[in-house]
Amino acid sequence: MTRMTRRAFVAAAAVIASTLPAAAEDLLKLTIGQRGNWDTAIAHLGSKAGIFKKHGIALEMIYTSGSGETLQPVIAGSVDLGLAVGTIGAFAAYSKGAPVRIIGAEATGAADYWYAKTSSNIKTLKDTTDKNTIAFSTNGSSTHSIVRAFVNELGVAAKPTPTGNPSATLTAVMTDQVDIGWASPPFGLREIEEGKIRVVAKATDAAMVRGQTVRTVVANAEALAKKKDAIGRFMQAYRETIAYMYANDTPALKDYAEFAGVSEATARKARDEFFPRALVEPDAIHGIDSLMSEAVTLKFIPQPLTKEQLAELIQIQK
Amino acid sequence: MAETDRVTRAAPLPQWAHPVTLVRVAIILAVLVIWEAVAASGLLYRDVVPRLGIIVAAVWKLLSTPDYYWHLGVTAGEIGTGLLVGGVSGLLVGLVLGANRLLSRAFEAYLYYLGPTPKIIFFPVMIMWFGVGPGSKIAMGAISCFFPIALSTAAGMRQIDKVLIRVGRSFRLNAWQMATKIYLPALRHPIINGVRLGLGVAIIGTLLAETKLSNRGIGFLIIQAYSLFDMPRMYAMLIVLFVLAIGVNALVGRLGGLHTIRRS
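Chains as they are written, first to last, in my numbering: chain L, 3 to 320; chain D, 631 to 894.
Only chain D is shown next, with the shape it has when bound in the complex (with noise of 0.2 Å):
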């Protein structure tokens, strides 16, 4: 009788050692030396791509200034209020949407067209609704996410198993009950998914708004930077912003239980 040997499965890599972190670092790797290369050549104008140094500088000093706290906290305030507005209400309209196919005919070709508008047309409507205060960069952070958000739901709504509607309906749970205990939970993802491309825009179209009409917020220091042509300062400033992106995006996905989905 032939012997056969017990197959084992290979102990998991550790986060650091995995394949995708690894790829994900190179590419970084691969962006800073290309950037330093590049710098250090004088192909391009030297005061618009510094070396790597003088920005890391830069971003030390940012980092060492307490006014910009005081900025960062407008923005985020200005961000996460937006997004609360736009998400909720991104949420019940896809709702409303993915349940009701009359209106989702109706209406969601006009979302699909809306929302890859560039929302900075909205702006001077904006600041005539609710001033050149941070109420108008709100309104623009809640306009950018809301499509995302809304479609992102509708779509989930319409792709929740239709056996555990049955099942919600021969328990005769009522709509309230059916709401939270069946499409809430089965929306989890798509709504988190919605969220996450929702405050990546919501990010967007407050800065930009805080670019055009601002005393005060990230987007304000940005062109200030810019307009005083002191570029260091300006790339400090986005590349905290990009890691904070990232940190941010990727804590609503933990939170949302995104890492737990399994990929085939």
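Looking at chain L on its own, in the form it has when it is part of the complex (with noise of 0.2 Å):
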């Protein structure tokens, strides 16, 4: 064997070598919606701590523009898991013979708020009239039900209107074609520091939402049945990635900041004033009984799931 020859054998021996974890690891394709915000940066943010990869687990993240596309894939079976699916909008897949489950919470209230240009008379919400409106994302949304419980509890007299997404509503409010608007930090934090917009409510207010599990994960059920020990480390990972996010002078902030182009101060006030660690944990699905009653007015299912049907589609993975 010439030294040429060796070189190349130890080259590609090392090569070879260094694939060796990566082939290890059990690889998880997952969706993910809403990129940018802090509760939906728990893979990206476990993943770059390398917290993921100590449990044997390599992520492939997909991001989407809304819990449908989200969940589109995992239905289909092109992805194992889906990240901040709406749990009315997986409620109504299931419903309808989807192989979805939902094996932990996503979001248990919302950090979502609903602001007014500061140059508007709109302080609260109590100051608005029937000729006012208040933006909700689309028909079904989780803010959509934020609105509608404004409505019922706080007796808000604002027509609830739908905008799309924090950035076509901004520019909505902004514009004067709406008078409330809604965002979901740190969306909309600059513009609050500049002055150009003032908080009127936050999710919160609503007592329904602060009990309520709004958006969830979910799996596909053949996924889940095929990968149940590599999905369950990855829900351990998911865990331990929290811990590692509300850690005093956690480097999960600049890295955040980062991933979401926010300052370091904006991804803190995020985290600090809109995100309490509560809201991310996912170990059980609050509100169910609300919840199916919102799905039910709405017309996503026909009548409430069974015991038995709730027993096969929420599978929380501990």
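Worth flagging that the hints you see were computed from the coordinates, not collected in a lab. Ideal Cβ positions, reconstructed from N, Cα and C, are used throughout, including at glycine. Check each hint, because a few of them may be wrong.
What the hints assert, rightly or not - If you want the footprint, here are the derived chain L segments under chain D, 3+ residues with CB under 8 Å:
1) 70 to 84
2) 200 to 213
As the list claims (entries may be wrong) - With a Cα cut of at most 30 Å, we get these calculated DSS-like pairs of lysine-lysine:
3) L:K204 <-> L:K128
4) L:K50 <-> L:K320
5) D:K792 <-> L:K50
6) D:K691 <-> L:K271
7) L:K271 <-> L:K198
8) L:K119 <-> L:K198
9) L:K309 <-> L:K98
10) L:K56 <-> L:K309
11) L:K256 <-> D:K811
12) L:K55 <-> L:K320
13) L:K198 <-> D:K691
14) L:K161 <-> L:K198
Build the complex from these two chains, which are given one at a time in their own frames, with help from the hints.
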């Protein structure tokens, strides 16, 4: 064997060896909605910190433009897990026979907030009249439920209006097409600091929202059966990442700031003021009864799911 | 005997001084002036309509980011593969439909109906068949460009000079020879036109798919910038994309010899 050939073998062995740990990891494919939010950054931050790798999990993360697009590939079996899928949407998909299972909570309560232009007379939701409009993203979304809760619980008179995502909503508010817009932090925090808009309500002002799991982590049923161990380890790493994100002086804030394109101070503000740790804890689905009644009212499901159906649908991976 | 002056043809204008070029430049300048005036006036929300200087700075920053070229490469690969798959299948279908009156009458109506349908409705099916990776984006590009290329080829087939076909037959050319010596050369312009139209819709289809579900590509970057309300960056990407699309379109036209067509 010539020296050249030996070197080639050594180099090839080194390349193969370098890929071995990756090959030993279980690959899970995820779709994730609302890229840039603190709660949807858990998989990214945990991967960056090496937490998922420590649990033998490699992640392929694909970002989507909303809950529907997050759920579709899960149902099709193109990905294993979907993060930030609206709970009501998951109920609806399951009731129609889609192979989807809820394996954890993604957001209990909501960090979303509602705002008005600083030049507006509206300082709180009580200042609204039936001539005003209040935004939510799309029909049946979690922001729609929250606005309905504002109307039902707080007697808000403003007319609910769908305006799409936070970017489109901000444009609509700043051009006076809608009086009260919605956003999810860190979106809009810069505009608040610059004095362009002011917060008039938070999602948690509605009692119903405070105790309700509005978004979930879902799995494809077949993937859950075949990769149960890997998905279990994913959830362990997910919990560990949450602990890491809420630790004092965590590097997660810097990583998140870079990921979301905001300053570190804004990242800290988003976490400390809008995302209490309880909001992202995945271990229980809360407010199932109110969610179910919401789903029936909005015609997402024809009747409430039975106990047996719920037992099959909700399989929290501890 | 009356004297007559010799009529001489004026020297051709240089390309930059051609009236068409001047009108095009004037249109672009007018758009830029209106944009800047609107941005400066504050009539529209400034963060949505930023000043031109801010957009130019964003273009420069974008082009100085090495990561951008990686995403551009991903999208270019998806569009190119989509165009190849959709183009070849569109060409074959167009040749068959153009050559066979029965098939044309039976199927072409469906192509006309499906052609203008927004192809994004097929995206969930594409995800199911080709997964969430580049496959579904390529499929979206392919399905988008298939229709204009097939329809343009079929229409071109029917317009081929019958004399050329009779000449081919009188020389007893076989089917392959007829295709390569008669049909394809005669179809060059309709095919290139179809490809140019197809390229545009392939870009739209691929980018739309990337905005919906992706972790790479220009569509992904655009929707990222939009969701962060980073409008200058979003406009910068659209401008670069626009310029690239114009360049590729012109290149396809030139390679296909469209500039040799005489307009009466």
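Is the hinted pair K55 (chain L) and K320 (chain L) satisfied, with a Cα-Cα distance of at most 30 Å? 19 Å, holds
Has the given pair, K119 (chain L) with K198 (chain L), been kept, meaning a C-alpha gap of at most 30 Å? Answer holds: K119 (chain L) to K198 (chain L) is near 6 Å, not above 30 Å.
Given coverage of the segment 70 to 84 of chain L by chain D, checked by CB-CB distance under 8 Å (3 or more): The restraint on the segment 70 to 84 of chain L holds, since 7 of its residues have a Cβ under 8 Å from chain D and three suffice.
Holds or violated: are the alpha carbons of K161 (chain L) and K198 (chain L) at most 30 Å from each other? Answer holds: K161 (chain L) to K198 (chain L) is near 23 Å, not above 30 Å.
30 Å Cα cutoff - pair K50 (chain L), K320 (chain L): 23 Å, holds
Checking one constraint from the list: CA of K691 (chain D) to CA of K271 (chain L), max 30 Å. Satisfied? OK: K691 (chain D) and K271 (chain L) at ~28 Å, within 30 Å.
Does the alpha-carbon distance linking K204 (chain L) and K128 (chain L) stay inside the 30 Å limit? 13 Å, holds
Within a Cα-Cα threshold of 30 Å, do K56 (chain L) and K309 (chain L) meet the stated pairing? Given that 30 Å is the threshold and the Cα spacing comes to 37 Å, the pair is violated.
Need the status of pair K256 (chain L), K811 (chain D): alpha-carbon distance at most 30 Å? 65 Å, violated
Under the criterion that the straight-line Cα-Cα distance not exceed 30 Å, is the pair K792 (chain D), K50 (chain L) satisfied? 67 Å, violated
Is the hinted pair K198 (chain L) and K691 (chain D) satisfied, with a Cα-Cα distance of at most 30 Å? 26 Å, holds
Does the structure keep K271 (chain L) and K198 (chain L) at a Cα separation of 30 Å or less? 18 Å, holds
Checked against the numbered hints above, the structure violates hints 2, 5, 10, 11; every other hint is satisfied.
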